[in-house]
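S.K.: Fit chain B with the ligands to the supplied structure of chain A, relying on the hints for placement.
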Amino acid sequence: MTDITPQEGHDQGHGSAPAKLGYSPVADIPHKPRLTDTDPKAARRAERQVATMFLLSMLLIVLFVVAYVTIDPSSTVYIPVFGDVGASNFALGLTMGGAVFLIGAGAIQWAKKLMPDVEVVQQRHDMQSPRRATAEAAANYERGKEESGFARFTLIRRTLIGALVLFPIPLVVVLRDLWTASPAEAGKSPADLLSETLWTKGSRIVSDGTYLPVKPADLPVGGLVSAVPADLQEVEEAEGNLNARTKAAIILVRMDPEEIRSQQGEGWDYQGILAYSKICTHVGCPIALYEQRTHHLLCPCHQSTFDLADSGNVVFGPAARRMPQLQIGVDEEGYLVAMNDFQEPVGPSFWERG
Amino acid sequence: MTTTSPVEKAGGATATYVDQRIGSNKFLSRNLGKVFPDHWSFMLGEIALYSFIVVLLTGVFLTLWFKPSMAEVVYDGSYVPLKGITMSQAYQSTLDISFDVRGGLLLRQMHHWGALIFIAAMAVHMFRVFFTGAFRKPREFNWLIGVVLTTLGLLAGFSGYSLPDDLLSGTGLQIARGIVQAIPVVGTWAAFLLFDGEFPGTEFISRLYGVHILLIPGLILALVTVHLMLVWTQKHTQFPGPGRTNDNVVGYPLLPIYMAKAGGFFFVVFGIIALVGGLVTINPIWIFGPFTPDQVSAGSQPDWYIGFLDGALRIMPNWETVIFGWTISWNIFIPALIMPGVLFTALGLYPFIEAWVTGDKREHNILDRPRNAPVRTGLGMMAISFYVMLWIGGANDIIATAFDLSINSITLFLRAAIFIVPPIVFIVTRRTCLGLQRRDREKLLHGYESGRILRLPHGEFIEVHQPLSQKDLAVITSKVDHEPLPAPDKADADGVRNKKYRSQSLRHKLSVFFYGANVPKPSAAEIEAGQHHAAHSAEIEAPLHDYEDADEFRRAHGGVLHHPGMAETNIEQQAEEHSGH
Ligand code: HEM
Ligand code: FES
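Residue numbers (our numbering), protein chains in the order written: chain A, 141 to 494; chain B, 167 to 747.
The shape of chain A in the complex, shown without the other chains:
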């Protein structure tokens, strides 16, 4: 071992000693005896403390079982700071948490107070293998290469590599049927499906939740209604999923026709009632924050803001596309209906959208 304690005259460059990794000018590891090392009474006290913690832990486990059996899980209690909380959960958490915590606290206290606290020194060893081991490994590799003929049999080597490259293909191919098109989806591409909704000419607009058809008079100026097509419930029943709803959900807003600066098609409103998709064109959150004064529709997810008085154009935020508008009118009974499907895909953009 070299002694690398910097020596005078060994200075270099800007007057600093040569850099030594891990140089420590102080060799002695400091150690102060604890009270429990010197005072037997303190040691006994610490022993009692530790044992008490373990005892309390046992007690809490018993209380846990008692709480489990006796407390009705639906009852609540008032606890200051926490408010009204489920009584069962509160008691179970407190007893189990306390019990487990005390085991740990006891063990740590034991280690800190009663086990020797003198730091010891161990040497490290290089991670790198000794030269001999490396040489042996290399020799073994050479022997393997030689004996297998891996280097010589070019044809075998290349065909093996080819086989290994192809071998994962089945594992990838079977993933194709992660999506199996339902009869209604048969023959349509993902892009086709994303571009059509339940709305067609004459679909009645019903308000979401009550599923009652909407008359223009139901909607005051400044009002907003979440709506869906009348056949949605039926379709959901038949398909057993919420897919149709995700695309067909709309909002109806009514404004003074004077205030409508533009819309996506001539006369797509009905007496100032406008229908827009409810699904944000950013990444697809449903939107319902509408400020009637500005006619702005704000998405709560990333705050894209659309101006419904101006073709649903984006006025702020990360969304790139305007909110698609649905052309509406009334049927012979005077209920609001769609005049068509959306003329552009609703919801988030996608590669094939164009």
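Only true hints are included.
To spell it out: a stretch of chain B is covered by chain A in this simulated footprint if at least three of its residues, at any positions, have a beta carbon under 8 Å from a beta carbon of chain A; those stretches are: (1) 255 to 269; (2) 340 to 353; (3) 422 to 428; (4) 440 to 453; (5) 482 to 493; (6) 573 to 579; (7) 634 to 646.
Keep in mind that the hints were calculated from the coordinates and are not lab data. Treat the numbers as computed from the prediction; the structure is a model and nothing was measured. Note that CB positions come from ideal geometry on N, CA and C, so glycine has one too.
M.R.: Chain B with the ligands only, in chain A's frame:
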């Protein structure tokens, strides 16, 4: 010898039985006395490990009651406000766990709190490793594993959060689907394959379930195992201090101290998670209601670890291009996929980049004090400030309401701040580090300034300086001065053009940037003189005060230090490599 109890005899017999079959005593003989250095910051990794174990345990219990199905049912459990409502089985069974299974809510909340603590502990542990340079040779692999573990932790958390099929988690999935759809070329198909068609479909939750309870935890468990095995064989790094060198480990032996402390700490973490799970509500899914794709609750927030992605999505400008009829959604693709990809890749590669820049190939077992690596510390703080900016973005609506600001101006501010703030943080941090280095140098040269002025008998005023304590001396002198790599020559002595000139020149410049401004450590003689002087001034004052702690300066002989013949500076090492092995 001490007496042996019957239990110990049985234990000994068992150990022999096992040893004869698997040779375990060889391992025990080497390892029961293994030394682990102690420092509070080394407990961060332990917290991550223990909370992961708690999450595994509680997760297994949750599987006993949870039903990962999107099939529709009508709720008829004991939570009255939702009675009669149509919902998925996943949501219904989560309600049952919360209201009808005794202890079920505790398990659910422990699982969720455990997950939050798990990911937070990993992140802070990573900061510790970064700022102390613990990722340097030989521990680069463990850094890489750590980065992968953090990523998997985020995925584990997000996949779990999405299982209960409540309104919040469903909206999270809707966003996730929108993000997948934004991947150029394959996005639409990828989304259809993942969800078995359109959103939400009926399959996704059961698919996610396998990923959440098996695939990701399995991977995490495997990687954690390797991570710990590497810590074990490479031995833990240690902070500088008296008696600590690059070639030793100073600390407590595995048996009994470390075992008692670390084992005890597991119970402490477990206990705290159980207490928090019992006392503090997390993710009250019964308030959000079942998922439906056309409703959303305003002001809802994802779990903390997803906040930065949400923020990135929020502050990104709305760029989208259409080329030949194909749509590229930069507004989604960049913040949600490119940004995290670049961030985590840069994180993973950092040790290799730094080693390339410094040319340092030595093993490092003594941790750096962050001030002694100002550029690294600056880069770390810069990355953190970048992350925090995104996080603020993720909370822009909450901040806007709380401080009565406009969301739009916060967003506009962040769009600029994300580029301006991190470099400022870098500069300030680097300067602060250099200032601290200068102060350390002062301390070595003159001792501590005690702030006390003394008037000597002949009328002179001096400020009393006190010599450093042994510990401070050991810690401050642990700084290793490095030289930047030398500037390359355009051609060698024989006029042969240096083909690597450009890369070497870049490396030289970066290395000057990395090391250049460092404040050199005084020489040993200067340190000794300085400390003597301080001791002297303190001695003059000593009769006036009663010093408890007058650690007398003593020039001790340093412990051991280096393998003979091993390169001591990076420059020596470079020279050695050039001269060929
Ligand atoms: C690897 C780390 C893991 C993380 C970070 C994690 C995270 C989460 C989170 C945040 C939730 C939502 C809980 C809620 O508030 O309802 C969850 C749910 C769930 N997790 Fe995990 N989890 C992990 C591992 C596991 C494992 C190993 C299992 C089972 C073997 C499991 C089983 C479950 C189940 C069944 C649920 C749904 C039940 C419910 O939501 O109440 N998890 N997980
Ligand atoms: S989903 Fe509406 S702004 Fe992002």
